[in-house]
Amino acid sequence: MRASERDIRSHVDWIDLLVALDKETLFGDIHKEFPTHSGHKNEVSPGGGIVYDAALRLKPEDIGRPDVNLYPVPYLDVLISSLKETGHEHELSKYQVMTNTVAFGASTALIDYDFNIVSEAIRDGFKGRKAALGDLNVSAAQRGYDYIKSNFHDGFGYKLHSVPSKEKRMVIRGVQAIGIGKFKAGCAFQTYYPITPATDESEYLESHQKDYNIVVVQTEDEISAVLMATGAAHAGVRASTSTSGPGFSLMAEGLGWAGLTEAPGPVVILWQRAGPSTGLPTRTEQADLQFVLHAGHGEFPRIAVAPGDVMECFYDTFDAFNYAERFQMPVVVIADKFLASSYRTISVPDSNSLKIDRGQIAGESDLAGKNPYKRYEFTPLGVSPRSLPGTKGGIFHTTGDEHDELGSISENSENRIKMMQKRMHKLQLAAELIPDQKKVNFFGPQKADLTLVGWGSTKGAILDGMEDLEADAVRCNFLQIRYVSPFPTELVTKYLSTSNRKVLVEGNYSGQLGALIREKTGVVMDYKVLKYNGRSFSQNEVYEGVKDAIKNGSKEVVMAHA
Amino acid sequence: MLELKDYRTKVHNDWCPGCGDFGILNAIQMALFELKLEPHNVAIFSGIGCSGKTPHFVNTYGFHTLHGRSLPIATGAKLANTALTVVAVGGDGDGYGIGMGHFVHTGRRNLDFTYVVHDNQVYGLTKGQSSPTLPKGLQTKSMPAPAIIEGVNPIATAITSGYTFVARSYSLDVRHLKEILKAAVLHRGSALVDVLQTCPTYNDINTKEWYAGADLPTKTPRLYKLEDTGYDGTVKDPTDPNEVTQKKVQAMTRSSEWGDKIPIGVFYRIQEPTFEDMIASRMPAYKEVPLTKQDLYNRDVSGLFQELS
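First to last, the protein sequences are chains V and U. Here this note's numbering is used: position 108 in the first sequence is 108, and no number is missing along the way. Here this note's numbering is used: position 69 in the second sequence is 69, and no number is missing along the way.
Wrong hints could be hidden among the right ones.
[Stated by the list, open to error] Within a straight-line C-alpha distance of at most 20 angstroms, the following computed DMTMM-like cross-link-like pairs (lysine to aspartate or glutamate) qualify: (1) Lys293/U to Glu364/V; (2) Lys182/U to Glu307/U; (3) Lys293/U to Asp366/V; (4) Lys210/V to Glu307/U; (5) Lys392/V to Glu38/U; (6) Lys10/U to Glu411/V; (7) Lys10/U to Asp404/V; (8) Lys370/V to Glu38/U; (9) Lys355/V to Asp300/U; (10) Lys127/V to Asp300/U; (11) Lys370/V to Asp300/U; (12) Lys374/V to Asp6/U; (13) Lys10/U to Glu405/V; (14) Lys555/V to Asp526/V; (15) Lys10/U to Asp366/V.
Derived from the structure by calculation, the hints contain no laboratory data.
Let the sequences and hints guide you as you build the complete structure.
Below you can see the structure in the form of structure tokens.
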């Protein structure tokens, strides 16, 4: 957890206050035959502090950090005194887990945090039938708090106080932001097969099913998930599915059917995780960009957008449904594990100005003079008005075979060429109609020594890392690419052709965005700062990686912090 | 006034002469006509294979989908617009091979729809390989060697999966097939109609003559109608577990009859809440108005943000 008076957009790799609930937190598991980490005590910043269990009976030299403040707290004894006070001392085994709350309370005392806020936050997590449990936890936290206040007087160097805010603020993570974006867009149909880290989004939608009338179906596999949503989209509701890499792999053929039949959707949310195969299933990565652009055999149009933070998750998801219906093609929103499960405090976004655009729907009166109705009529823009099944006069056939304007199977050469051009032209149309300010974000001065280039969830770390670079007299700007299909070729060319040295910052092995930029614009990145150990970039890693690249001329820097 | 021709299209049909598909197509058109279902309120979904072209020949909304994937697409459309009458058609390879997962799980849900499977024991479109219903040991004319694995039993699989209407018919007995299809469409819930079908091009074993029993000493047809034997597959009291079990066992027993005597007709039928009913139990508005007719596009999400602040 990171807190500040200003917006928090990324994490850092050091710890100012470590609250160790057990010994392994301090020392890792280095005694094991195959250790996984060497403990967090070495990550504490000089002048920082460590709260740990006094029952471990550690001497300062055991910890070996003379430069940090040590706060041993007898977790269990403090908990017992709290339970005695509330008359629950005979139920210790049931409540022993509350030693965590004792440690938490102790940590809030060190930073002089307002205990009223602490107790309110605890009670907020135990509502209704669990309210009594909330009281017990508040008592345990209070005891931990008091223990610090009465036993340590040396004044910990970091303090946290509340900042009054006029704006309405909330704590939100990506799965919720995308879920709310779907509700706002009128999505009424969601399919999913359980997979980390995507499932939380579907469960969020289902938990609000009654209030918003949305059908949420847990399917037998992701093949079914993408196709069920496509069937619903063809039938006339806004439909979506959510998955991660392994599920998206199964969706490839279905995506092609949606593309060829010009389905008005679905919107697919791809919560990337570290692959390939099962990979690092609970960790993050940005390695599915090229896959999204090419998933499925043959050529068909698709829109793909990669939001960079929770706010963009909300807005880009809303837009995705408009574009799916307007251009009659599948839309993939590329998010990742980091966005899915990182909690952020942000202002409540404006949702009243968002406008629904359902594209061209041919109703009964539009169809009256059209006999036969041509579902795939050649039009100047490539988009054909669609009728919804159940509409009188709107009967159509569709097929995954190449077809003529009526939707009948056709192997005619001329028709094939025209149909390919019709479908692919819609992507050109989308490129013209999607506003530039949604396609890319550009931060910093027009002229700079260095241009950082990235996409997706690295946005926050890059913005924060940029500030460190500026402070170190490296003048830089940042091009964040949001729409990767249709690719904003002209905009990217414009920004990159005038830039000096270009540094790609991406969470994958091969620099997939760099390859895409080169393919579309011919521009080659000068340096790559990459990370593919399943962890997201920190603020300091962006700074360190970029510094390494420009100072030492390292063409490729691989970041490794866990 | 609707006429039978209103259910036909002018799309050129390229099935082989004598294909069993023609009987199934005619029966579908006749059943829809006799049920007086308006063409624009019906949607037909198919997979890939010879049978996959069926929707192109029926004047209703038609979706020719991917190999084995008609059921998920049909499910999505039905759940989006519950007012539609949904029929899926497919071959035995499509439904019981590549699409077997969807076959089982769609039945589990008891979606209100009808699935018509063209069961001819071969993959016709790819020139005669064995399909999942070809019995072990048989070798049709384009197979290099006899099948070394057992065929599936679609009737038993459907019953154990949760289909609430399970029947079999024969593509060359269009009258029987039409009546079974009408009952299947009227049934509320997942209905399977497994249609035994000849493939004059690739199945030289299960031919029209074979079904007619021409090779038997008695020269009597192999197919017999369950209802002619006093068989009753309908569960009268779905809340009585003994009756449900008894009717299922009886149906499974009959479903294993194959060879000189093959039963057709309704094996099993029960009235249970549909998937749509179950969704409506959690979301009352769903029962009243199909999602496609609901106003979903002026939603206020401020309450959702409020929850998080």
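So, going through the hints one by one against the coordinates:
no. : hint                 : in the structure
1   : Lys293/U to Glu364/V : holds (14 angstroms)
2   : Lys182/U to Glu307/U : violated (50 angstroms)
3   : Lys293/U to Asp366/V : holds (18 angstroms)
4   : Lys210/V to Glu307/U : holds (16 angstroms)
5   : Lys392/V to Glu38/U  : holds (9 angstroms)
6   : Lys10/U to Glu411/V  : holds (17 angstroms)
7   : Lys10/U to Asp404/V  : holds (14 angstroms)
8   : Lys370/V to Glu38/U  : holds (19 angstroms)
9   : Lys355/V to Asp300/U : holds (13 angstroms)
10  : Lys127/V to Asp300/U : violated (25 angstroms)
11  : Lys370/V to Asp300/U : violated (38 angstroms)
12  : Lys374/V to Asp6/U   : holds (18 angstroms)
13  : Lys10/U to Glu405/V  : holds (15 angstroms)
14  : Lys555/V to Asp526/V : holds (7 angstroms)
15  : Lys10/U to Asp366/V  : violated (24 angstroms)
Violation of the numbered hints given earlier is confined to hints 2, 10, 11 and 15; the remaining hints are satisfied by the structure.
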